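*Asks:* Sequence:
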Amino acid sequence: MRCFILILAGLVLFYFPVSAQKKNANFLLTDATELKETTKFDEFGDISEKEFAPKLKKYFEVLKQNKKLRGVVIFYNSFNHNLFRQTEHFEQIKIRSYFEYLTCRSYESPRITIIKGGFFDKMLTELWLVPTDAKLPEPKNSDYKPPQNLKYQLELLKTEGFDFSEAKLKKGEDSEENEEVSEKDYYFDEILSDVLSKDESWHGVLIFYADDTEFDINIIREKIIKFLKEQKTDLNRLKIIYGGYRKNSEIESWLVPNNGFEPEAMPQEKIEVEN
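Taken in order, the sequence shown gives residues 311 to 585; the numbers are from the numbering used here.
One or more hints might be untrue.
Here are the computed lysine to aspartate or glutamate pairs in the DMTMM-like style, where the Cα-Cα straight-line distance is at most 20 Å [stated by the list, open to error]:
no., residue 1, residue 2
1, Lys-468, Glu-540
2, Lys-445, Glu-344
3, Lys-536, Glu-470
4, Lys-549, Glu-560
5, Lys-377, Asp-443
6, Lys-378, Glu-347
7, Lys-536, Asp-526
8, Lys-426, Glu-353
9, Lys-539, Glu-448
10, Lys-455, Glu-398
11, Lys-468, Glu-398
12, Lys-432, Glu-574
13, Lys-468, Glu-500
14, Lys-360, Glu-347
15, Lys-539, Glu-562
16, Lys-557, Glu-361
17, Lys-478, Asp-526
18, Lys-557, Glu-448
19, Lys-374, Asp-352
20, Lys-350, Glu-448
21, Lys-533, Asp-521
22, Lys-445, Glu-560
23, Lys-468, Glu-344
24, Lys-580, Glu-500
25, Lys-549, Glu-562
26, Lys-580, Glu-410
27, Lys-480, Asp-522
28, Lys-557, Glu-476
29, Lys-542, Glu-532
30, Lys-445, Asp-352
31, Lys-536, Glu-574
No lab work stands behind these hints, which were simulated from the structure alone.
All values reported here derive from a predicted model rather than from experimental measurement.
Could you build all of it, start to finish, from the sequences and the hints given here?
*Replies:* Written as C-alpha coordinates, this is what we have:
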(Lines of atoms letter the chains of each structure in order from A; the text may use other names.)
(Lines give C-alpha, C1' and ligand atoms only; values in the text may rest on other atoms or scores of the structure.)
Protein backbone atom coordinates (compact mmCIF):
# COMPACT_ATOMS: atom_id res chain seq x y z
CA MET A 311 0.00 0.00 0.00
CA ARG A 312 2.83 2.43 0.88
CA CYS A 313 4.45 1.73 -2.47
CA PHE A 314 1.19 2.51 -4.25
CA ILE A 315 0.62 5.78 -2.41
CA LEU A 316 4.12 7.10 -3.09
CA ILE A 317 4.07 6.17 -6.75
CA LEU A 318 0.51 7.33 -7.35
CA ALA A 319 1.24 10.73 -5.85
CA GLY A 320 4.17 11.24 -8.18
CA LEU A 321 2.95 9.64 -11.36
CA VAL A 322 -0.77 10.15 -11.88
CA LEU A 323 -1.25 13.09 -14.24
CA PHE A 324 -4.35 14.67 -15.71
CA TYR A 325 -4.99 15.54 -19.34
CA PHE A 326 -2.64 17.98 -20.94
CA PRO A 327 -2.28 18.70 -24.70
CA VAL A 328 0.92 17.34 -26.20
CA SER A 329 1.64 16.01 -29.64
CA ALA A 330 3.05 12.55 -30.30
CA GLN A 331 3.63 10.20 -33.17
CA LYS A 332 1.46 7.10 -33.09
CA LYS A 333 2.10 3.76 -34.60
CA ASN A 334 0.56 0.29 -34.54
CA ALA A 335 2.18 -2.02 -32.03
CA ASN A 336 2.32 -5.21 -34.09
CA PHE A 337 5.91 -6.00 -33.24
CA LEU A 338 7.92 -8.53 -31.27
CA LEU A 339 9.48 -7.75 -27.88
CA THR A 340 12.90 -7.61 -29.53
CA ASP A 341 11.66 -4.83 -31.80
CA ALA A 342 11.40 -2.48 -28.81
CA THR A 343 15.14 -1.79 -28.95
CA GLU A 344 14.70 -0.31 -32.43
CA LEU A 345 11.91 2.13 -31.56
CA LYS A 346 12.53 5.72 -32.62
CA GLU A 347 9.08 7.17 -32.05
CA THR A 348 6.27 6.95 -29.52
CA THR A 349 4.46 3.66 -30.11
CA LYS A 350 1.29 2.12 -28.78
CA PHE A 351 2.24 -1.24 -27.31
CA ASP A 352 -1.25 -2.51 -26.45
CA GLU A 353 -4.70 -1.47 -25.30
CA PHE A 354 -7.63 -3.08 -23.51
CA GLY A 355 -11.16 -2.26 -22.43
CA ASP A 356 -13.17 -3.07 -19.31
CA ILE A 357 -11.75 -6.56 -18.78
CA SER A 358 -10.98 -8.62 -15.68
CA GLU A 359 -7.68 -8.56 -13.82
CA LYS A 360 -6.94 -12.09 -14.99
CA GLU A 361 -7.21 -10.79 -18.55
CA PHE A 362 -5.23 -7.56 -18.22
CA ALA A 363 -2.54 -8.94 -15.89
CA PRO A 364 -0.65 -10.80 -18.68
CA LYS A 365 -0.72 -7.67 -20.85
CA LEU A 366 0.74 -5.50 -18.08
CA LYS A 367 3.36 -8.12 -17.20
CA LYS A 368 4.50 -8.25 -20.81
CA TYR A 369 4.58 -4.44 -20.96
CA PHE A 370 6.60 -4.32 -17.75
CA GLU A 371 9.13 -6.81 -19.11
CA VAL A 372 9.66 -4.74 -22.26
CA LEU A 373 10.40 -1.66 -20.16
CA LYS A 374 12.63 -3.64 -17.82
CA GLN A 375 14.70 -4.95 -20.74
CA ASN A 376 14.90 -1.59 -22.52
CA LYS A 377 16.25 1.09 -20.19
CA LYS A 378 15.97 3.84 -22.81
CA LEU A 379 12.20 3.46 -23.02
CA ARG A 380 9.67 4.94 -20.64
CA GLY A 381 6.08 3.81 -20.27
CA VAL A 382 2.95 5.95 -20.48
CA VAL A 383 -0.41 4.48 -19.51
CA ILE A 384 -3.50 6.46 -20.52
CA PHE A 385 -6.71 5.53 -18.70
CA TYR A 386 -10.08 6.59 -20.15
CA ASN A 387 -13.21 6.19 -18.07
CA SER A 388 -16.68 5.78 -19.61
CA PHE A 389 -19.46 8.37 -19.53
CA ASN A 390 -21.90 5.47 -19.95
CA HIS A 391 -20.97 4.17 -16.51
CA ASN A 392 -23.27 4.85 -13.57
CA LEU A 393 -22.40 7.78 -11.30
CA PHE A 394 -20.34 5.72 -8.86
CA ARG A 395 -18.08 4.51 -11.65
CA GLN A 396 -17.51 8.10 -12.73
CA THR A 397 -16.08 9.07 -9.35
CA GLU A 398 -12.40 9.65 -8.66
CA HIS A 399 -12.51 6.80 -6.14
CA PHE A 400 -13.47 4.31 -8.87
CA GLU A 401 -10.65 5.56 -11.12
CA GLN A 402 -8.11 5.35 -8.30
CA ILE A 403 -9.06 1.76 -7.49
CA LYS A 404 -8.83 0.77 -11.16
CA ILE A 405 -5.40 2.39 -11.48
CA ARG A 406 -4.29 0.85 -8.20
CA SER A 407 -5.07 -2.59 -9.62
CA TYR A 408 -2.53 -1.92 -12.41
CA PHE A 409 0.37 -1.07 -10.10
CA GLU A 410 0.86 -4.66 -8.95
CA TYR A 411 2.12 -5.37 -12.45
CA LEU A 412 3.72 -2.04 -13.36
CA THR A 413 6.00 -0.52 -10.75
CA CYS A 414 5.67 -2.18 -7.36
CA ARG A 415 7.08 -5.38 -8.83
CA SER A 416 10.44 -3.67 -9.22
CA TYR A 417 12.77 -1.74 -6.92
CA GLU A 418 14.08 0.30 -9.84
CA SER A 419 13.17 3.94 -10.27
CA PRO A 420 9.76 3.95 -11.96
CA ARG A 421 9.72 4.93 -15.62
CA ILE A 422 5.95 4.75 -15.97
CA THR A 423 3.55 7.68 -16.03
CA ILE A 424 -0.21 7.34 -15.61
CA ILE A 425 -2.42 9.87 -17.44
CA LYS A 426 -6.15 10.19 -16.83
CA GLY A 427 -7.39 10.82 -20.34
CA GLY A 428 -10.99 11.73 -19.59
CA PHE A 429 -14.25 10.00 -20.55
CA PHE A 430 -15.39 8.12 -23.65
CA ASP A 431 -18.24 5.81 -24.55
CA LYS A 432 -16.28 2.78 -23.33
CA MET A 433 -13.54 2.38 -20.77
CA LEU A 434 -10.13 2.06 -22.39
CA THR A 435 -6.53 1.71 -21.22
CA GLU A 436 -3.65 2.37 -23.63
CA LEU A 437 -0.05 1.23 -23.05
CA TRP A 438 2.59 3.35 -24.79
CA LEU A 439 6.36 3.04 -25.25
CA VAL A 440 8.23 6.35 -25.42
CA PRO A 441 11.89 6.42 -26.53
CA THR A 442 14.34 9.00 -25.19
CA ASP A 443 13.55 12.54 -26.41
CA ALA A 444 10.28 11.38 -28.06
CA LYS A 445 7.06 13.26 -27.34
CA LEU A 446 4.44 11.91 -24.96
CA PRO A 447 1.30 10.40 -26.50
CA GLU A 448 -1.61 12.80 -26.82
CA PRO A 449 -4.86 11.75 -25.09
CA LYS A 450 -7.92 11.77 -27.32
CA ASN A 451 -10.10 14.86 -27.03
CA SER A 452 -13.17 14.50 -24.84
CA ASP A 453 -15.50 17.30 -23.78
CA TYR A 454 -17.46 15.20 -21.29
CA LYS A 455 -16.99 15.91 -17.59
CA PRO A 456 -18.78 14.11 -14.74
CA PRO A 457 -21.37 16.08 -12.75
CA GLN A 458 -19.65 18.52 -10.41
CA ASN A 459 -21.90 17.69 -7.46
CA LEU A 460 -20.95 14.02 -7.16
CA LYS A 461 -19.17 14.62 -3.85
CA TYR A 462 -22.44 15.88 -2.41
CA GLN A 463 -24.26 12.70 -3.43
CA LEU A 464 -21.77 10.19 -2.05
CA GLU A 465 -18.85 10.72 0.32
CA LEU A 466 -16.11 8.38 1.48
CA LEU A 467 -15.43 9.01 5.17
CA LYS A 468 -12.31 8.03 7.09
CA THR A 469 -11.65 4.30 7.01
CA GLU A 470 -8.93 3.94 9.66
CA GLY A 471 -9.24 2.18 12.96
CA PHE A 472 -10.44 -1.37 12.40
CA ASP A 473 -8.40 -4.36 13.54
CA PHE A 474 -9.02 -7.48 11.45
CA SER A 475 -6.58 -9.70 13.38
CA GLU A 476 -9.17 -11.03 15.85
CA ALA A 477 -11.08 -12.55 12.94
CA LYS A 478 -8.04 -14.43 11.65
CA LEU A 479 -8.89 -18.08 11.02
CA LYS A 480 -6.81 -20.42 13.14
CA LYS A 481 -4.89 -23.05 11.20
CA GLY A 482 -2.97 -24.78 13.95
CA GLU A 483 -0.64 -23.65 16.71
CA ASP A 484 1.75 -21.92 14.32
CA SER A 485 -0.95 -19.60 12.94
CA GLU A 486 -0.74 -17.01 15.75
CA GLU A 487 -0.30 -13.45 14.61
CA ASN A 488 3.10 -11.96 15.34
CA GLU A 489 2.25 -8.51 14.09
CA GLU A 490 2.21 -5.72 16.61
CA VAL A 491 -1.25 -4.19 16.99
CA SER A 492 -1.15 -0.55 18.03
CA GLU A 493 -3.66 1.18 20.26
CA LYS A 494 -6.89 1.51 18.31
CA ASP A 495 -9.44 4.27 18.03
CA TYR A 496 -12.38 3.07 16.02
CA TYR A 497 -12.65 6.09 13.78
CA PHE A 498 -14.89 4.48 11.18
CA ASP A 499 -17.83 4.07 13.58
CA GLU A 500 -17.31 7.27 15.56
CA ILE A 501 -17.20 9.49 12.50
CA LEU A 502 -20.05 7.74 10.70
CA SER A 503 -22.26 7.84 13.78
CA ASP A 504 -21.56 11.53 14.30
CA VAL A 505 -22.35 12.41 10.67
CA LEU A 506 -25.57 10.36 10.55
CA SER A 507 -26.82 12.06 13.71
CA LYS A 508 -26.85 15.42 11.90
CA ASP A 509 -29.49 14.54 9.31
CA GLU A 510 -32.05 11.73 9.49
CA SER A 511 -32.42 11.70 5.70
CA TRP A 512 -28.85 10.38 5.28
CA HIS A 513 -27.80 6.75 5.50
CA GLY A 514 -24.49 4.93 5.64
CA VAL A 515 -22.88 2.05 3.77
CA LEU A 516 -19.96 0.07 5.20
CA ILE A 517 -18.08 -2.16 2.77
CA PHE A 518 -15.37 -4.39 4.21
CA TYR A 519 -12.88 -6.46 2.25
CA ALA A 520 -10.91 -9.48 3.39
CA ASP A 521 -9.72 -12.88 2.20
CA ASP A 522 -12.45 -15.27 3.36
CA THR A 523 -9.93 -18.13 3.38
CA GLU A 524 -7.91 -16.28 6.04
CA PHE A 525 -10.58 -14.38 7.97
CA ASP A 526 -13.95 -15.26 9.47
CA ILE A 527 -16.29 -12.86 7.69
CA ASN A 528 -19.07 -13.32 10.25
CA ILE A 529 -16.75 -12.32 13.11
CA ILE A 530 -15.74 -9.18 11.22
CA ARG A 531 -19.39 -8.30 10.67
CA GLU A 532 -20.20 -8.91 14.35
CA LYS A 533 -17.32 -6.66 15.45
CA ILE A 534 -18.51 -3.88 13.16
CA ILE A 535 -22.04 -4.12 14.56
CA LYS A 536 -20.70 -4.16 18.13
CA PHE A 537 -18.70 -0.95 17.66
CA LEU A 538 -21.61 0.78 15.95
CA LYS A 539 -23.97 -0.14 18.76
CA GLU A 540 -21.51 1.33 21.26
CA GLN A 541 -21.79 4.59 19.33
CA LYS A 542 -25.58 4.27 19.45
CA THR A 543 -25.73 4.25 15.65
CA ASP A 544 -29.15 3.66 14.11
CA LEU A 545 -28.48 0.35 12.35
CA ASN A 546 -31.71 0.73 10.37
CA ARG A 547 -29.96 3.53 8.46
CA LEU A 548 -26.88 1.48 7.70
CA LYS A 549 -25.93 -1.22 5.22
CA ILE A 550 -23.02 -3.51 6.05
CA ILE A 551 -21.66 -5.31 2.98
CA TYR A 552 -18.88 -7.84 2.55
CA GLY A 553 -17.23 -6.55 -0.62
CA GLY A 554 -15.12 -9.62 -1.37
CA TYR A 555 -11.40 -10.30 -1.57
CA ARG A 556 -8.66 -7.71 -1.32
CA LYS A 557 -5.02 -8.50 -0.72
CA ASN A 558 -4.96 -5.97 2.13
CA SER A 559 -8.00 -6.16 4.40
CA GLU A 560 -9.77 -2.82 4.65
CA ILE A 561 -13.07 -1.15 5.37
CA GLU A 562 -14.77 1.72 3.53
CA SER A 563 -17.27 3.94 5.31
CA TRP A 564 -19.64 5.79 2.97
CA LEU A 565 -22.18 8.54 3.60
CA VAL A 566 -25.15 8.65 1.23
CA PRO A 567 -27.14 11.91 1.47
CA ASN A 568 -30.80 12.21 0.54
CA ASN A 569 -31.17 11.67 -3.24
CA GLY A 570 -27.59 10.39 -3.39
CA PHE A 571 -26.36 7.23 -5.10
CA GLU A 572 -25.01 3.98 -3.68
CA PRO A 573 -21.36 2.88 -3.66
CA GLU A 574 -20.37 -0.42 -5.25
CA ALA A 575 -18.06 -3.08 -3.93
CA MET A 576 -14.78 -3.21 -5.85
CA PRO A 577 -13.02 -6.45 -4.91
CA GLN A 578 -9.73 -7.59 -6.31
CA GLU A 579 -9.26 -10.85 -8.12
CA LYS A 580 -7.23 -13.45 -6.28
CA ILE A 581 -4.58 -14.47 -8.76
CA GLU A 582 -2.14 -17.25 -8.01
CA VAL A 583 1.40 -15.91 -7.59
CA GLU A 584 3.89 -17.31 -10.07
CA ASN A 585 6.96 -19.05 -8.68
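*Asks:* Starting from the hint list further up, note which numbers the structure goes against and sort them upward.
*Replies:* 9, 14, 18, 22, 23, 24, 31
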